[in-house]
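Peer 1: As a plain string of letters, each chain reads:
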Amino acid sequence: MSWIRISLLAALLLCAFSQPLFSATKEFLSVQVRQGQLRSTPSFLGKVTATLAYGDKVELIEDKGAWKMVTIRKIKGWMHMSALTTKTIALQAGKANVKTGATSGELALAGKGFNAKVEAEFKSKNKHLDYAAVDRMERIFTFKPDRVQAFLKQGKISPEGPER
Amino acid sequence: MKRKTFFLCLFLSAALLFCGCQATLTTTTKVTTQAEKKGVISPEKAKSIKKSTAKIAKADSKRREEFTPEQEYYIGRSVAAVIMNKYPSYTSQPVNEYLNLIGQALAQVSDMPEIFLGYRVLILNSDEINAFATPGGHIFITKGLLRCCRTEDAVAAVLAHEIGHIQLKHGIRAIKQERLIEFGKTIVTEIGGDKLLETFDGAIGDFTNMMINTGYSRPFEYAADDVAQTLLRRLGYDPNGLVEVLMVMEKKLNPEDTGFGKTHPPPQDRIDKVLKKTGIKYSPVLTPQVRQIRFMKNIGNI
Ligand SMILES: [Zn+2]
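Chain order of the listed sequences is D and L.
Its first residue numbered 1, the first sequence is counted upward by one per residue in the working numbering.
Its first residue numbered 1, the second sequence is counted upward by one per residue in the working numbering.
One should not assume that every hint holds.
[Said to hold, decoys possible] Okay, the calculated beta carbon distance ranges per label pair:
#1 D:K156 to L:E198: 46 to 56 Å
#2 D:K156 to L:P255: 31 to 41 Å
#3 L:K277 to D:I61: 37 to 47 Å
#4 D:A133 to L:K297: 22 to 32 Å
#5 L:G184 to D:A133: 25 to 35 Å
#6 D:R73 to L:R147: 43 to 53 Å
No lab work stands behind these hints: they were computed from the structure.
The structure displayed is predicted, hence computed values, not measured ones.
We treat Cβ as the ideally placed atom computed from N, Cα and C, and that holds for glycine.
Build out the structure end to end from the sequences listed, making use of the hints.
Peer 2: Shown next as structure tokens:
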């Protein structure tokens, strides 16, 4: 029965490969916001060096309070803790990293529940609601980080918070 | 012989299962401890990474009982659509931009600067004294409420109070318990479809009803005022801004008014609570002249 031999071999191979995985130091977190910004310093004053997508898996390398130094695809940078989750984010079919399988413990983030699809159904039953207006509100008021800093400076608003 | 192979295979499969389980068990603590023992990373770094993931995991488990940031965002969008259907918007781009700059600066110093889309502010063209916030980060403030503000610091206080409601997840708690149970069921069983839409519909209903008609509980309002004080102080606004706007509201609001008159505790109660909490006596807001000039330019004639 050759399939027994094959599965035996597969078992051995898998065991051998899972060992180094297990003793690795790597710790991964997932981006849980639509656009996660990587910064050069642990602060919102830090220059944005890259923008990561929802569901991107990053490796944790350093910790500074609410700020985490993470790396992905050879890019490094600081991200605020509120943009990250320890859960795996499995995106819906048709989107980027579909391969990320979700276990039952991770269901909440598996693209189920309330999402764009449910919104579309709700919308079609409530034709009087103007979602284009919501889109507009979301789209027009985005600023570059230095714009906010300039605004604070101009208004002589001096921070004393530790994490800016 | 065949039998022997079978048992060997069974044994190995069991071993694989065990070993596979361990491999997928990504509990950082375990992994990091091993790495630490092997001297791959310093004990200090190991401790820091353990602490860090524990902190994020804790935030996650708290979130699990509720919704993910993405789901909060989708609830928020529909709630925003309902609000914008009830109130016309005030369309001045520079004035709305001014409020968004204040709002986003406040969010940056908060404990939850990153939410799915971010925070957005829009002025509603209404004389009613009112403000709303959705769990998705959409903040609405009426012209009526802006007219109660005498300084940018007071405007910041109002926005910070709304940010407080979002971050403390007060809106999500307005959703009825049985709705959340239904939601849990649809998630696990993947029923989806009509049942999920029904739950969503109900959640939006609960939410908007709470915001427009009944209001949050008093402790929630006081908690949002606490956040407001914290954010004003952290960013560098005069925390007296909150008491200032509440004092004007106290004069302007009638208990039979819709909006804050109906949904929020009497301003004087909030003032008493704020002053008691901070232990500081109110003194008029100290706002630099440049700040007052831009406040007047944007809000002065609203
Ligand atoms: Zn409130």
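Peer 1: Compare the structure with each hint and give your call.
Peer 2: Hints versus structure:
1. For K156 of chain D paired with E198 of chain L, a C-beta distance near 52 Å keeps the hint of 46 to 56 Å intact.
2. Between K156 of chain D and P255 of chain L the CB atoms are about 38 Å apart, so this pair conforms to the stated range of 31 to 41 Å.
3. Remark: the range hint 37 to 47 Å for K277 of chain L to I61 of chain D is upheld by a beta-carbon distance near 40 Å.
4. Checked against the hint of 22 to 32 Å, the C-beta distance between A133 of chain D and K297 of chain L comes to roughly 26 Å, which is consistent with it.
5. Between G184 of chain L and A133 of chain D the beta carbons are some 32 Å apart, a value that agrees with the proposed interval 25 to 35 Å.
6. Separated by about 50 Å at the C-beta atoms, R73 of chain D and R147 of chain L satisfy the suggested range of 43 to 53 Å.
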